[in-house]
Structure formats: structure tokens, C-alpha cells
Amino acid sequence: SQADCYVSLWLPTATCEKSRTKTVRNSNNPVWNETFYFRIQSQVKNVLELTVYDEDFATPDDHLLCALFDIAKLPIERTVLLCFKPSAKAKEELEVEFKLEAASGPHEAIATNGVLVCRELCCLEVEVAEKMQQKSSKKELSLTVKGSFEGTQDITLGPDGVASPSGPTKFHYIKYAEPTLDVMLPKKRHYHPWTCKYSTETGSPVVMLNSLPMGRKMTIAEEKRFDLNVRAQSCNCSCHQDLDMRFGFDLCSEEMSFLGKRKRYVASALKNVFHLQQDLLDHEVPVVAIITTGGGLKSMTGLYGSLMGLKKLNLLDCVTYISGLSGTTWTMANLYRDAYWSQKDLDSHIGEAQKQATKCKMGCFSMDRMKYYNKQLCQRKEEGYRTSFIDLWGLMIEYLLNDGKDPHKLSEQQEALCDGQNPLPIYVSVSVRDNYSTNDFKEWVEFTPYEVGLLKYGVFVRTEHFGSEFFMGRLLKKLPESRICYLQGMWSSIFSVNLLQIWGLSHSSEDFWKRWTQDRIEEVDEDPVLPTRPHELRTRMYTPPGPLSSALRGALTDRFSVAQHHNFLKGYQLHNNYLENEHFCRWKDTVLDSRPNKLMQNTDHLGMIDAGFFINTSSPPLLRPQREVDVIIYLSYTTGSHTSSLDKACKYYSEQKIPFPKISLTDEDKKNLKECYLFQDSDLPGCPIVIFLPLVNDTFREYKAPGVKRCCSEMEGGQLDLTSRCSPYCMFSVRYTDENYRRLLNLSEYNILNNSQMIMQALQIAMQRRRQNMC
Numbered sequence: 001s002q003a004d005c006y007v008s009l010w011l012p013t014a015t016c017e018k019s020r021t022k023t024v025r026n027s028n029n030p031v032w033n034e035t036f037y038f039r040i041q042s043q044v045k046n047v048l049e050l051t052v053y054d055e056d057f058a059t060p061d062d063h064l065l066c067a068l069f070d071i072a073k074l075p076i077e078r079t080v081l082l083c084f085k086p087s088a089k090a091k092e093e094l095e096v097e098f099k100l101e102a103a104s105g106p107h108e109a110i111a112t113n114g115v116l117v118c119r120e121l122c123c124l125e126v127e128v129a130e131k132m133q134q135k136s137s138k139k140e141l142s143l144t145v146k147g148s149f150e151g152t153q154d155i156t157l158g159p160d161g162v163a164s165p166s167g168p169t170k171f172h173y174i175k176y177a178e179p180t181l182d183v184m185l186p187k188k189r190h191y192h193p194w195t196c197k198y199s200t201e202t203g204s205p206v207v208m209l210n211s212l213p214m215g216r217k218m219t220i221a222e223e224k225r226f227d228l229n230v231r232a233q234s235c236n237c238s239c240h241q242d243l244d245m246r247f248g249f250d251l252c253s254e255e256m257s258f259l260g261k262r263k264r265y266v267a268s269a270l271k272n273v274f275h276l277q278q279d280l281l282d283h284e285v286p287v288v289a290i291i292t293t294g295g296g297l298k299s300m301t302g303l304y305g306s307l308m309g310l311k312k313l314n315l316l317d318c319v320t321y322i323s324g325l326s327g328t329t330w331t332m333a334n335l336y337r338d339a340y341w342s343q344k345d346l347d348s349h350i351g352e353a354q355k356q357a358t359k360c361k362m363g364c365f366s367m368d369r370m371k372y373y374n375k376q377l378c379q380r381k382e383e384g385y386r387t388s389f390i391d392l393w394g395l396m397i398e399y400l401l402n403d404g405k406d407p408h409k410l411s412e413q414q415e416a417l418c419d420g421q422n423p424l425p426i427y428v429s430v431s432v433r434d435n436y437s438t439n440d441f442k443e444w445v446e447f448t449p450y451e452v453g454l455l456k457y458g459v460f461v462r463t464e465h466f467g468s469e470f471f472m473g474r475l476l477k478k479l480p481e482s483r484i485c486y487l488q489g490m491w492s493s494i495f496s497v498n499l500l501q502i503w504g505l506s507h508s509s510e511d512f513w514k515r516w517t518q519d520r521i522e523e524v525d526e527d528p529v530l531p532t533r534p535h536e537l538r539t540r541m542y543t544p545p546g547p548l549s550s551a552l553r554g555a556l557t558d559r560f561s562v563a564q565h566h567n568f569l570k571g572y573q574l575h576n577n578y579l580e581n582e583h584f585c586r587w588k589d590t591v592l593d594s595r596p597n598k599l600m601q602n603t604d605h606l607g608m609i610d611a612g613f614f615i616n617t618s619s620p621p622l623l624r625p626q627r628e629v630d631v632i633i634y635l636s637y638t639t640g641s642h643t644s645s646l647d648k649a650c651k652y653y654s655e656q657k658i659p660f661p662k663i664s665l666t667d668e669d670k671k672n673l674k675e676c677y678l679f680q681d682s683d684l685p686g687c688p689i690v691i692f693l694p695l696v697n698d699t700f701r702e703y704k705a706p707g708v709k710r711c712c713s714e715m716e717g718g719q720l721d722l723t724s725r726c727s728p729y730c731m732f733s734v735r736y737t738d739e740n741y742r743r744l745l746n747l748s749e750y751n752i753l754n755n756s757q758m759i760m761q762a763l764q765i766a767m768q769r770r771r772q773n774m775c
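The numbering of the sequence shown is the UniProt record's numbering, which starts it at 1 and goes up by one.
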């Protein structure tokens, strides 16, 4: 039989609704001759998706062809006829005529950082003016502005003449996205005397919002009992200052102020450690950062020991940043409750951590605790958050690390930075998408006491606003800031794994599964081939997965649970030349980066997981060039291969063209790791020096302190099983004995103290580089 074809057109940057042609029935050579108009913003990346379907009444319509065409390829004021073919040999083709014309009217006020574009926003206020009280029954109006932040809202007209909710109902929408207000009025009953029956009808007026005069109240529906009035107002967004979030790739003003204060601590510490005759000038002060790997309770304990070692060497004040993920965030969150923790002895903090690490954890599942979990999750849901199992896990972590409820919030850690007295903490996570593996889609997210942001897009919200609802850079619904335990549940979630990652852990390659989990996209040339224009994307043909492939893909990529937070990117669109932006390219590593419609298909929530599910390292935020990190102290506490995460990080940064030294370890080194390695590449501009300190038990077996050998009775204190399956320090261990805790703490401290010369060597090299760069 012949096909019943129609064409679907989708240009999400111009309108939120898909358009389609009529269906041409029983024809293998259909002709539509229909014209569609779209108003586009030329500074936005506009990709038109043209999809040909074979209509079917009994089953889903068959997909025949899908072309992704970048409007930037079109010359202005010229008519162009193009043919799209799935492949050079294919017989099927779609002919489309295009004409790009300059739009009349005022220019749209936009704000952009070169990657994202904030479009001009309007606010529509809808009010019900009652003329007379209703009878006993209630009436409901349904109002919809598709593509708006609010979507659909209902107004109830009570019998007492009061509308609920009281006050105007507001919609926030993009001004030039062909917005409409769809109104579903209350049903009316009509009596027909000839049939002695009633019939009901519903009025559904549709208002083109761009036809409304700005700032003036207009009546759009007049009913017997009420009038429906609307007023459209423009929301100013012509500059970054008009937005409720930070829009750019520079460091925030609070961090810049902190760095100025921290330099005084670092310069003084370096002068004392190296016995310098003169004070260091600001440009001579190196930026030293600690990065960590995850590993549950082991990494939490290990970080305490490493910091204790740096404190004893008087090197802790030389550190400007500490970044963490997974278990090391537990240490950081606990320390930063104390505004001056690094200026004090750490014994009290370590003693409290030991108490929590060694206590019985069975109370975590008591009936009283379960009631507490339920109460807290219900409260969180009432506040406006979308709860998941990760929130429950966060409450369990709260019990594991504290004696009672932990009221602390991330933004409160600003107090520990007010004088530059402590290093700046950075917590790391990755954002993921449903139906995509972590290797195929992940975007780095950093959390500091000042702000939370996605590195790739250069967009940051204040930490106290993270979780609130934004649209086009505007804070439209403020939620209470989350307690830090909920963030810890996300930063250290062991429940976000999927089958594909489990397969990757047990096999060296995922190539077999990629054909099931990746979209089929092929670049093609349109006919005739258009002259190359700036910033254009190649035309692509998309083949959707079949039922079997979709089912298998879902099974392989589905995660047990993911932390869900309101998407603060909602509404944004991509700039026309976003793919050439150096900041975006630095972190461009997903399969959707060249598919702007998919990349910015803003879901209501961002899914976030433990960064350890991609690369077990907290280093990405510290490799932002704006932070100018000179020395990285790389503390590895992983329960697996120490070199594996380092090798993966090195490979990743090489692919992203991010300066990072090459890791040169022999097979013998990898088999029998030493306590410390120094890696540098002086020929690569901007490349930090890396001091790699894996948590291994090497000379600690025979030495209880640097240069102090163990006697026979002390040898047992140097025996630690860090790697076997039966190790007390395995990933899923949540309780240590006092002896095991102290041994692990002593080992991590010893490895720092025993390699102080190499750490100081790296600092000296960094200071020399700083001086040379200024000459």
C-alpha cells in the first residue's frame, strides 16, 4: 500500500509548539505546498527539525525521515530550494523552500555570555472581575500559556463571589515565541424546549499575547457573572544585572575578595616555611589546591589524616582551595562548621569524627528514626522540593555523621571564609540525563558557599537559591535553602549506578553496548550545497531507535535513583556561535553538544549524581583558568586502583585540551605504588604541578613516624589491609573499630609527613615560575 505522509516542523527557539502539514493520503510522491512562518532571534542557534511521518491510525506513526537544519546556513533575502536525503544513495528526499527575511519592529532586548542567551521576558497578569455572586456551585477557569514558566493554572470562582487564588494570576513567557493564552471558560448549560433536554458547551477563547498593548488592562472575555481581564508587562533583561543569577565565566566578586584575603595567609606561611628574607608580592604567591577522590568512610578518615599532616608541616595555610566529592565532602562539611578550623588544633574534630565512625549504625533503621525520615521528607516536599531516595540517603548520612539533627547549610560556610582564614571549599557533582549513559552525557557542577553553577554554560546561582525555581534567569519561586545533609546525599550517592556502569567495571570496553545506547546521527549535505557561513552546523539526519533498542537502552541507562533539583537553566537558549566559545569548548564532552534542541530541551529538574560515577576526582573546578592553580595536591583514597582515576583524569583533560601534566608511571610503579609522585610539564602554559599521594601502605609498615623505625611490639600497628575484598576499609563499610580508625588516620598523616620534601619542592618550583612569568 502507499503511504499517508505528513511533515512535522519543530523550531523550539521560535515557538513551543510543533507545526505540521496536512496528510497526503495514498501517495508515495506527496506534494504539500504549505507555508509556515517563524520569527527567529538571529543571535540564537536556530535548528529546524523537519520530520516526515507515515500516518497510521492503529499504531504509532512510522518515522520516514528527520533532517536537522541550521537556519544560520541561509542567506538573507533570497529564496532557496533544498533537498534533504537520508543518504547519498537513498531514493527518498524532501524538498523544502526557504526564505529568510529581516523582521520589522523593535529589536529584542537580550542578555548573553556567548554561550547562553536570555530572551526578552514578559509577565501576563490575569484577573477575574466578578459582576454578581455565583449560585451554590463553584466554577473553574483553566488558563494556559504554552512555553511559559507556569504552564497551566486554574482559577476557582466560589459561590461567595471570591476567586481563588486571590489577586492576579501571573504567567511569565518569552515575548517573541508566538505566545498565546488559551482560556477554558466554565461550561454553560442550554435548555432546548423542542427536545426538553439540556446541552453543555465550553467557551475557549485564544488570545495572541503579542497583540496586547503593554501595560494596559484589556478585557478578553465578558460573561454574565464575571469579566476576564489581562495585562501584559515587559520584564527588563537587557543586561546581566537585571538577572537573578550570575551570567559569565569569571569568578564571582565574593571569591575574588576571598582570594585577596587568603593571599596574606599563604604569603606569610610560605615565608615562614622557606625562611624567606622578604615578603612575597601578590603576583609571586602560588595558588595551591587540594583535590581528592571518593571512597566512603575511608576517604573521610583519610582526609582528616592528610590535613593533620599538612597542619603539622605548617603547610595548611599555603592552601587556597580544597575540593571534594563523595566521602571527602563529609570531612569538609564537618570542618567548615567551625569558622576557624584550620587555625586550630584538629584533634577535637578528629576525635568527634572517630566517635561517629565507630558508633553502632543500627539505630539508622529504628522506628523512631523512620518516623523522623518520613517527617523530614514530607516537610521537604511541602517546601516545594521533588523528593527521591537520594534525600532519604542524605538523612541516613546525617545519622551516620552526627548525634542529632544537623541544621547547617552550605551558604553558612561563608563565615569560615570572611577573613580568608581557611581554604575555599568546592564540592563537585555531575548533571546527567535520562536514557543517556554517564560517559555519553555528564556536565560538571560545582558548589561553593557562595554559588552553585554549571562550568560549561557559565551560569551560577547563589548557594541559598539553589533548588529554587528560575525561568530565563529570573527567580520566580524561592524555596528554603536545603540542609547540607541533602546535598551530601547527592554528592556521595551509591544508588545512582546503572547497568552500563556495572558492565564497564567488569569489562574493559562498552563498545558493544554503544550501538544500543547512542542515537544514530549522520551528517549529510543538502542539495544544492550552500556556501559555508559563520557559526553554522552541518545538516544531520536522525534515525530514532526501534522498540527493542529503546527498551534495551532504557534498561542499560536507568539509574536506581538520582537527586532532583529545579533546573535553573530553564528557558535559556544557546547562542548562535556557542560551539566556538572557548569556555564552552573546554567542557564540551557530551553527545548532545552539537544538537542544541536536545541539549537545551530544558526539563523541569536537573538530575545530579556523585561525580565518582564518571571520574573519581574533584579536580575539574580547579582547572578553570580563572582560578590560576599552580600546584595540585592530589589525595587518592579510592578503594580501587589509585592510578586508574588519575589515568582517566589525564586522558579526559588531554581530550578536552585542558592543561594537565602527563602521567608517566612504569608497570612496576603501578604494581607497587610509592607514597608520592611529582608530575609537571614546564613546556605547557598554564599546566599545574601535580603531587600525587595515593593512600598506600609502603614505608609505614616499618616506620611509625618519618625516620623512626617500629620496634617488634609496634609492627602490628603498621599492618593495614587496604585492598582485599575482606578489608575493613572497603567502600561499603560504615563502621570502623577504634583501632582500625586510628591506623588509617595515622597512615594518611604519615604519608604526608614522610614526603614533605617533595611537597615543598613543588611549592618552590611554583614560586620560581611565578617570578619568571612576571619578568
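If you're looking for bench data, these hints aren't it; they were derived computationally from the structure. Hints may be right or wrong, so weigh each one.
In silico DSSO-like cross-links for lysine-lysine, where the CA-CA straight-line distance does not exceed 27 Å [said to hold, decoys possible]: (1) 344 <-> 409; (2) 85 <-> 22; (3) 261 <-> 175; (4) 662 <-> 651; (5) 311 <-> 381; (6) 344 <-> 477; (7) 671 <-> 704; (8) 361 <-> 375; (9) 139 <-> 85; (10) 261 <-> 311; (11) 170 <-> 478; (12) 355 <-> 704; (13) 312 <-> 375; (14) 477 <-> 409; (15) 344 <-> 405; (16) 598 <-> 99; (17) 99 <-> 170; (18) 704 <-> 657; (19) 674 <-> 311; (20) 704 <-> 674; (21) 175 <-> 217; (22) 381 <-> 478.
Okay, the calculated beta carbon distance ranges per label pair [said to hold, decoys possible]: (23) 367 <-> 641: 38 to 44 Å; (24) 272 <-> 662: 39 to 45 Å; (25) 383 <-> 208: 35 to 41 Å; (26) 403 <-> 347: 34 to 40 Å; (27) 338 <-> 734: 32 to 38 Å; (28) 21 <-> 217: 35 to 41 Å; (29) 434 <-> 60: 57 to 63 Å; (30) 26 <-> 603: 37 to 43 Å; (31) 241 <-> 347: 27 to 33 Å; (32) 57 <-> 529: 37 to 43 Å.
C-beta atoms are modelled at their ideal positions from N, C-alpha and C, and glycine is treated no differently.
Outcome of the hint check:
no.: 1; hint: 344 <-> 409; in the structure: holds (22 Å)
no.: 2; hint: 85 <-> 22; in the structure: holds (21 Å)
no.: 3; hint: 261 <-> 175; in the structure: violated (44 Å)
no.: 4; hint: 662 <-> 651; in the structure: holds (9 Å)
no.: 5; hint: 311 <-> 381; in the structure: violated (42 Å)
no.: 6; hint: 344 <-> 477; in the structure: violated (41 Å)
no.: 7; hint: 671 <-> 704; in the structure: holds (24 Å)
no.: 8; hint: 361 <-> 375; in the structure: holds (20 Å)
no.: 9; hint: 139 <-> 85; in the structure: violated (53 Å)
no.: 10; hint: 261 <-> 311; in the structure: holds (20 Å)
no.: 11; hint: 170 <-> 478; in the structure: holds (16 Å)
no.: 12; hint: 355 <-> 704; in the structure: holds (23 Å)
no.: 13; hint: 312 <-> 375; in the structure: violated (44 Å)
no.: 14; hint: 477 <-> 409; in the structure: holds (19 Å)
no.: 15; hint: 344 <-> 405; in the structure: holds (25 Å)
no.: 16; hint: 598 <-> 99; in the structure: holds (25 Å)
no.: 17; hint: 99 <-> 170; in the structure: violated (36 Å)
no.: 18; hint: 704 <-> 657; in the structure: violated (42 Å)
no.: 19; hint: 674 <-> 311; in the structure: holds (22 Å)
no.: 20; hint: 704 <-> 674; in the structure: holds (17 Å)
no.: 21; hint: 175 <-> 217; in the structure: holds (17 Å)
no.: 22; hint: 381 <-> 478; in the structure: holds (14 Å)
no.: 23; hint: 367 <-> 641: 38 to 44 Å; in the structure: holds (42 Å)
no.: 24; hint: 272 <-> 662: 39 to 45 Å; in the structure: violated (34 Å)
no.: 25; hint: 383 <-> 208: 35 to 41 Å; in the structure: holds (37 Å)
no.: 26; hint: 403 <-> 347: 34 to 40 Å; in the structure: violated (19 Å)
no.: 27; hint: 338 <-> 734: 32 to 38 Å; in the structure: violated (24 Å)
no.: 28; hint: 21 <-> 217: 35 to 41 Å; in the structure: holds (39 Å)
no.: 29; hint: 434 <-> 60: 57 to 63 Å; in the structure: violated (20 Å)
no.: 30; hint: 26 <-> 603: 37 to 43 Å; in the structure: holds (39 Å)
no.: 31; hint: 241 <-> 347: 27 to 33 Å; in the structure: violated (47 Å)
no.: 32; hint: 57 <-> 529: 37 to 43 Å; in the structure: holds (39 Å)
Comparing the model with each earlier hint shows violations of hints 3, 5, 6, 9, 13, 17, 18, 24, 26, 27, 29, 31; every other hint is respected.
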